[in-house]
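**Q** Fit chain L to the known structure of chain Y by using the hints.
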Amino acid sequence: MSKFKKKGKKGAPAITTASLPDIVFMLLFFFMVVTKMRDSEIMVKIQVPNASEIQKLEKKSLVTHIYIGSPVDKYVPQLGSAPRIQLNDQFAEATQIPLFIANEKTKVVRAKDRDKMTCAMRVDKGVKMGIVTDVKTELRKIDFRKVSYLATDLGDQ
Amino acid sequence: MSKRDIPEINAGSMADIAFLLLIFFLVTTTIQTDSGLRVLLPPYVEVPPPPEKKNKRNVFAVQINGSNQLLVRGRPVALSDIREIRTQLKTFIMNNGKDPNASDSPKLAVVSLLNDNGTSYEAYVGVYNQLKAAYSELWEESAQRKYGRSYEDLDRKERKTIRDEIPLVISEAEPTSLST
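Respectively, the protein sequence lines represent chains Y and L. Oh and the first sequence: position 112 is 112 in this note's numbering, straight run, nothing missing. Oh and the second sequence: position 175 is 175 in this note's numbering, straight run, nothing missing.
The hints are simulated quantities; they were obtained by calculation from the structure and are not laboratory data. Note that the structure is a prediction, hence the values are computed from the model and not measured. One or more of the hints may lead you astray.
What the hints assert, rightly or not - Below are the BS3-like pairs computed for lysine-lysine, each with C-alpha atoms no more than 30 angstroms apart in a straight line:
(1) Y/Lys74 - Y/Lys112
(2) Y/Lys60 - L/Lys160
(3) L/Lys98 - Y/Lys146
(4) L/Lys98 - L/Lys160
(5) Y/Lys146 - L/Lys160
(6) L/Lys107 - L/Lys56
(7) Y/Lys112 - L/Lys160
(8) L/Lys56 - Y/Lys116
(9) Y/Lys116 - Y/Lys105
(10) Y/Lys59 - L/Lys157
What the hints assert, rightly or not - Label-pair restraints from in silico Cβ distances:
(11) L/Tyr44 - Y/Thr106: 15 to 23 angstroms
(12) L/Ser112 - Y/Leu28: 20 to 28 angstroms
(13) Y/Phe29 - L/Asp81: 28 to 36 angstroms
(14) Y/Val24 - L/Ser112: 30 to 38 angstroms
(15) Y/Gln78 - L/Thr91: 28 to 36 angstroms
(16) L/Lys157 - Y/Asp153: 22 to 30 angstroms
(17) Y/Phe31 - L/Leu71: 34 to 42 angstroms
(18) Y/Asn103 - L/Lys54: 36 to 44 angstroms
(19) Y/Ala102 - L/Arg145: 42 to 50 angstroms
(20) Y/Ser81 - L/Asp155: 48 to 56 angstroms
(21) Y/Phe31 - L/Thr91: 49 to 57 angstroms
Ideal Cβ positions, reconstructed from N, Cα and C, are used throughout, including at glycine.
So that you can see chain Y by itself, here it is in the shape it has in the complex:
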């Protein structure tokens, strides 16, 4: 008798999956933004020191990284745990730095940008200054003098 009799079958309607692509794209974009591309695997343990007067490094392409720290557990049997320098993805000596920097310079296409290059030193806070001084001296010898000691700002110390 009802005037508003429903037609068709009864039961819960299927949930639309029309928005699924949106969700997937959202996740995709999210991870695209958040993931940080790292071109070399870090083979030394590094915990950077704390500092408040830090400035951001602009222009990623003009930044060269030098890592100094004790080798990770995997390499300890062969190398011991004394602090080492890592350039690109291999352990190196301070004397190899001039060649490394020369290589990095060739990667910068515009010649006038080469003077703006900075060396980011990611050094473990427990390392003794001796090895850092060696690196600094090598950099000074090739007149690559812009350096940044990477640090984190954990508030007032």
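**A** Same frame as chain Y, but now just chain L:
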């Protein structure tokens, strides 16, 4: 009587919600950038030049030995009181000839930093940070006085005038290697 049918949920706005979330994350997440203490190393010379005859009152000497002990202008400072360097350096620079033991003027004041090869990197960076902090606080104060604005908001030329008035000069001596 027939059973009531559940009406279909309108999914048309789902995309809007998704985009809203996407934009929210885009705005709030920051790509992690490296930041650090910027330093310009001195040029390399084969033979270190003879120590410049500077009036002793204009040199703010900081020494760190291989056991991470600090000596600031000849007086020991505990590493835990590292912030003291900042206040001491600030009064030293802005002395303007009042105290016969502190600098003649900000332009003549020089910081000399000496470390040992056995000094820990953390202590070195900590001290360097305090030295830079003292200068940036002085620049900030000077900017407020001169322009009534924060140093950060000044343009290049204005910053340069301030930096010329209170120049940052940190000279680093060749590290000693007494503790090896």
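**Q** Hints first: check each against the structure and report whether it holds.
**A** Hint check:
1. With a C-alpha separation of about 41 angstroms, the suggested pair Y/Lys74 and Y/Lys112 falls outside the 30 angstroms cut-off, and the hint is violated.
2. A C-alpha spacing of about 26 angstroms is found between Y/Lys60 and L/Lys160, which places the hinted pair at or below 30 angstroms, so the restraint holds.
3. Note on L/Lys98 and Y/Lys146: the hinted pairing is violated, with a Cα-Cα distance of about 36 angstroms set against a maximum of 30 angstroms.
4. Distance check on the hinted pair: L/Lys98 and L/Lys160 sit about 26 angstroms apart at the alpha-carbon level, within 30 angstroms; holds.
5. The straight-line distance between the Cα atoms of Y/Lys146 and L/Lys160 is roughly 19 angstroms, inside the 30 angstroms bound, and the hint therefore holds.
6. Simply put, L/Lys107 and L/Lys56 have alpha-carbon atoms about 15 angstroms apart, close enough for the 30 angstroms limit, and the pair holds.
7. Between Y/Lys112 and L/Lys160 the alpha-carbon distance is near 23 angstroms, which keeps this suggested pair within the 30 angstroms criterion.
8. Only pairs whose Cα atoms come within 30 angstroms are accepted, and L/Lys56 paired with Y/Lys116 is rejected, the gap being roughly 36 angstroms.
9. As the CA atoms of Y/Lys116 and Y/Lys105 are separated by approximately 10 angstroms, the hinted pair is consistent with the 30 angstroms bound.
10. Restraint check: the Cα-Cα separation between Y/Lys59 and L/Lys157 comes to about 23 angstroms, which is no more than 30 angstroms; the hinted pair holds.
11. The hinted range of 15 to 23 angstroms is satisfied by L/Tyr44 and Y/Thr106, whose Cβ atoms lie roughly 22 angstroms apart.
12. Between L/Ser112 and Y/Leu28, the C-beta spacing of about 54 angstroms breaks the proposed range 20 to 28 angstroms.
13. Taking 28 to 36 angstroms as the suggested C-beta distance range, the pair Y/Phe29 and L/Asp81 does not conform, at roughly 49 angstroms.
14. At roughly 60 angstroms, the beta-carbon separation of Y/Val24 and L/Ser112 lies outside the given 30 to 38 angstroms, and the hint is violated.
15. The hinted window of 28 to 36 angstroms between Y/Gln78 and L/Thr91 is violated, with their beta carbons roughly 52 angstroms apart.
16. In this structure the hint that L/Lys157 and Y/Asp153 lie 22 to 30 angstroms apart at CB holds, the actual value being about 28 angstroms.
17. In this structure the hint that Y/Phe31 and L/Leu71 lie 34 to 42 angstroms apart at CB is violated, the actual value being about 51 angstroms.
18. Between Y/Asn103 and L/Lys54 the CB atoms are about 40 angstroms apart, so this pair conforms to the stated range of 36 to 44 angstroms.
19. The supplied range of 42 to 50 angstroms is met by Y/Ala102 and L/Arg145, whose beta-carbon atoms lie about 47 angstroms from each other.
20. At about 50 angstroms, the beta-carbon gap between Y/Ser81 and L/Asp155 stays in the expected band of 48 to 56 angstroms.
21. Restraint check, Y/Phe31 to L/Thr91: a C-beta distance of roughly 51 angstroms satisfies the suggested window 49 to 57 angstroms.
In summary, the structure is inconsistent with hints 1, 3, 8, 12, 13, 14, 15, 17 from the numbered list given earlier, while agreeing with the others.
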